[in-house]
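A.B. asks: Start from the sequences and build out the full structure, keeping to the hints where you can.
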Amino acid sequence: MSQQDNVRVARDEAAQASTPAPTGSPTPGGGSGRQDVELPALGLLGTLRFAWTQLTSMRTALMLLLLLAVAAVPGSLFPQRPAGPEIVNQYLEDNPVLGEWLDRFQLFDVYSSVWFSAIYLLLFVSLIGCVAPRAVKHAKVLRAAPPRTPRRLSRLPEYGRVVLEPTGPAPGEAVEQAAQVLRKRGYRIEVRQEPEGGASVGAERGYVREVGNIAFHLSLIGVLAFMAVGGLLSYSGQKILVEGEEGFANTLVSYDAFTPGGAFSEDSLVPFSMSLKSFEKVFDRESETHYGQPLDFTAVMEVQDGTTGEPEERILKVNHPLAFGDTRVYLVGNGYAPEVTVRDGNGDIAFQGPVVGQVQDEVYTSLLTIKVPDARPDQLGFVGFFLPTAYTGEDGVAVSIDPELFNPELNLNAYYGDLGLDEGKPQNVYVLDTENLTELNSRDLEAGGITLSVGESYELPQGKGSISFDGVKPYVGLDILYDPGKWGVGVFAVLALIALVVSLFVRRRRVWVRGTAGPDGSTMVEYGLLARGEDFGLRQENLALRRKFEQLWPVTAPQEPGLSSSSTTSSPTTSSTTSGTTSGTSSGTSPTTASAAAGSPGTTPDRPVQNRPE
Numbered sequence: 001m002s003q004q005d006n007v008r009v010a011r012d013e014a015a016q017a018s019t020p021a022p023t024g025s026p027t028p029g030g031g032s033g034r035q036d037v038e039l040p041a042l043g044l045l046g047t048l049r050f051a052w053t054q055l056t057s058m059r060t061a062l063m064l065l066l067l068l069a070v071a072a073v074p075g076s077l078f079p080q081r082p083a084g085p086e087i088v089n090q091y092l093e094d095n096p097v098l099g100e101w102l103d104r105f106q107l108f109d110v111y112s113s114v115w116f117s118a119i120y121l122l123l124f125v126s127l128i129g130c131v132a133p134r135a136v137k138h139a140k141v142l143r144a145a146p147p148r149t150p151r152r153l154s155r156l157p158e159y160g161r162v163v164l165e166p167t168g169p170a171p172g173e174a175v176e177q178a179a180q181v182l183r184k185r186g187y188r189i190e191v192r193q194e195p196e197g198g199a200s201v202g203a204e205r206g207y208v209r210e211v212g213n214i215a216f217h218l219s220l221i222g223v224l225a226f227m228a229v230g231g232l233l234s235y236s237g238q239k240i241l242v243e244g245e246e247g248f249a250n251t252l253v254s255y256d257a258f259t260p261g262g263a264f265s266e267d268s269l270v271p272f273s274m275s276l277k278s279f280e281k282v283f284d285r286e287s288e289t290h291y292g293q294p295l296d297f298t299a300v301m302e303v304q305d306g307t308t309g310e311p312e313e314r315i316l317k318v319n320h321p322l323a324f325g326d327t328r329v330y331l332v333g334n335g336y337a338p339e340v341t342v343r344d345g346n347g348d349i350a351f352q353g354p355v356v357g358q359v360q361d362e363v364y365t366s367l368l369t370i371k372v373p374d375a376r377p378d379q380l381g382f383v384g385f386f387l388p389t390a391y392t393g394e395d396g397v398a399v400s401i402d403p404e405l406f407n408p409e410l411n412l413n414a415y416y417g418d419l420g421l422d423e424g425k426p427q428n429v430y431v432l433d434t435e436n437l438t439e440l441n442s443r444d445l446e447a448g449g450i451t452l453s454v455g456e457s458y459e460l461p462q463g464k465g466s467i468s469f470d471g472v473k474p475y476v477g478l479d480i481l482y483d484p485g486k487w488g489v490g491v492f493a494v495l496a497l498i499a500l501v502v503s504l505f506v507r508r509r510r511v512w513v514r515g516t517a518g519p520d521g522s523t524m525v526e527y528g529l530l531a532r533g534e535d536f537g538l539r540q541e542n543l544a545l546r547r548k549f550e551q552l553w554p555v556t557a558p559q560e561p562g563l564s565s566s567s568t569t570s571s572p573t574t575s576s577t578t579s580g581t582t583s584g585t586s587s588g589t590s591p592t593t594a595s596a597a598a599g600s601p602g603t604t605p606d607r608p609v610q611n612r613p614e
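Numbering-wise, the sequence shown is residues 1 to 614 according to this note's numbering.
FYI, nobody ran anything at the bench for these hints, they're computed from the structure.
Heads up, a few of these hints could be off.
What the hints assert, rightly or not - Here are the simulated lysine-lysine pairs, BS3-like style, with alpha carbons at most 25 Å apart: (1) Lys239 / Lys425; (2) Lys184 / Lys239; (3) Lys317 / Lys486; (4) Lys548 / Lys317; (5) Lys473 / Lys425; (6) Lys317 / Lys277; (7) Lys140 / Lys184; (8) Lys239 / Lys548; (9) Lys281 / Lys473; (10) Lys239 / Lys281.
C.D. replies: See below:
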C-alpha cells in the first residue's frame with residue numbers, strides 16, 4: 001500500500017471514530033440511546049418563510065417561465081376578444097356548449113385573464129426575490145479582499161514555482177512585482193505578509209461574470225416590467241383611407257377597429273390628422289419569372305400634427321412609418337375602391353362613393369360588398385368582384401390577369417329585402433347576409449349577373465333602381481400603434497443578450513503568489529491558480545504567468561537533462577511542478593529522492609504534486 005493510501009485510510013478511520021452514534025441506536029450495554037427529538041411545528045411565520053424561499057428559488061423561476069410560455073398557447077389556438085370580438089361571437093354561435101366553457105375559463109381573453117396575470121406576477125416576484133439577495137451578496141464580494149493565500153499552493157489544480165538567481169529581488173520585492181503583473185492582467189490584488197516570513201499576493205478576476213449573470217436576470221425583470229407597461233397603456237387601431245376622400249383624426253370614433261390596453265385613457269391619444277393625397281404602386285415589368293410582382297408602394301400623406309397646426313406632406317412607405325410622438329403609423333395594406341352610384345326604385349340616389357374591396361390574390365382581384373339601407377321601397381345589397389384587368393375566358397368566366405388598372409370591371413349579384421341593419425346587431429361590413437334577401441341578379445337567373453366597365457350603368461330588374469360604375473380610386477390600410485413600453489423592452493432585451501454572453505464566456509479565476517527566501521539567500525516564488533467552475537483556459541493562464549515571471553526575473557535554470565525553465569510535467573511523482581522547474585536535483589536522482597530533497601533551491605514540496613487536489 002502506498003503512502004497516500006495509508007494517509008487516506010488513517011483519515012477515514014479518524015472520521016469514523018469521531019462520528020457520534022445515531023440518535024436512538026442501541027448502546028453497548030443493551031439499552032437504547034436518547035429518543036428522537038420531536039421538531040416543533042413551523043407555525044405561520046415559518047410557513048411563510050418556507051413558501052417565500054421556495055418561490056424565490058431559481059428552479060421555481062424557471063418553472064414559472066415555462067408555465068408562462070405554455071399558458072400563452074391558448075391565445076394562439078382560440079380567437080381573442082381584443083383582436084376580433086366578432087370572430088369570438090361567431091365562435092360562440094357555432095359552438096354554444098364548448099364556447100360557454102371556454103369563456104368561463106377566460107380562454108377568449110387569455111392575456112388579460114386572472115390565471116395568466118397570476119403566473120406573470122408570480123414570475124415577476126420570483127425573479128426579484130431570486131436576484132436581489134444575489135446582487136447584495138455580490139456587491140459585498142466586490143468590496144471584499146481576495147481570499148487568503150492557501151498554506152500549500154501545490155494542492156491547487158494549476159501550480160508553478162520559479163527559483164531566482166541570487167542577484168534577483170528579495171521575496172517581498174518579487175511579490176510586489178508579481179502583483180503588478182497580475183494587476184496588468186486584470187486581477188484585483190492584495191499583498192500580504194506571511195506569518196512565517198516572506199510575502200504573498202492574492203488576486204482574483206472575473207467578477208464581471210457574476211455581474212453579467214445578475215444583469216441578465218435584472219434585464220429579464222426589465223423586459224417583464226415594460227411588457228406589463230405596454231400591455232396596460234398601449235393601444236392599436238386600424239384605418240382605411242381612400243385617395244382624395246375624407247381623412248383621419250386621431251379620435252376613437254375615427255378608427256375602423258380599435259384595441260385598447262388594460263389601463264388605456266383617451267387622454268393618451270396624440271392629436272394629429274392625416275389624409276391620403278396620392279398612392280403609387282410599382283410592379284415588376286422586366287423579369288420573366290416575377291412579372292407583375294410588387295416592387296414598391298409609396299403613399300403621399302397630408303398630415304397635421306396637433307403640436308404645430310401646420311399641414312405638411314410626408315411620405316409613407318412599407319417599414320418606414322410616420323411618427324407622431326410615440327405613436328407610429330404603418331402602411332400594412334392597399335387595394336382598389338371602385339366608385340359607384342346606386343339609385344333606388346324612386347330614382348333617388350341612395351348611395352354614392354368609393355367601396356373598399358378586399359384583395360384576394362396577387363393580381364388584386366377584390367371582393368366587394370355594397371349595402372344600401374336607404375334605398376326605397378326595398379333595401380338593396382350587392383356582392384361580387386372587382387377585376388383591375390379583366391379577361392373573359394372561353395368558359396365565360398372573367399378573371400383579372402394584372403394588378404394594374406388596364407381594364408377595370410365590376411361583376412356583381414344584386415339582392416333586395418331587409419338587410420338586418422335596423423335590428424341593432426353589429427354586422428361585418430365585408431359580409432352580406434342574404435338569409436332575408438331576395439336575389440335579383442346572378443348567373444343562375446334569367447336576368448344574369450351585372451357586368452360593368454368604368455362609365456357604364458345597369459338598370460335593376462323589377463324597377464328596383466340602378467347602379468353605375470363611375471371610377472376607381474386606390475386606398476391604403478393603416479396600422480396605428482402606441483406602445484410606451486416597446487423601447488424599454490428593446491433596451492433590456494439587448495442588455496440581456498450582452499449579459500448572457502458575458503456570463504457564459506468570462507471565467508472567474510484566483511491566483512496566489514508566495515515569495516520565500518531559500519537557505520542560500522535566493523528567492524523562491526511559487527504560485528497557484530484556481531477556477532470557479534469549469535475553466536479550460538486555466539492551464540494556458542498558468543503558462544502565460546510563468547512566461548511573464550521568467551521575463552521579469554533572472555531564473556535559475558533546471559539541472560535535469562531535457563528540462564527547460566518553462567518545461568511542464570504531468571506525472572504526480574516527478575520533482576517538477578505543473579509548470580515549474582527542479583534545480584536542486586541531479587540528472588541521476590530518482591523522483592522519490594528528488595521529492596525528499598525539500599529545502600534545496602528549486603525542489604518540490606514535501607509531498608508529490610498532483611494536477612488536482614484530493
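A.B. asks: Among the hints numbered above, which are violated by the structure, and what are their numbers in rising order?
C.D. replies: Violated hints (numbers, rising): 2, 4, 5 and 8; every other hint is consistent with the structure.
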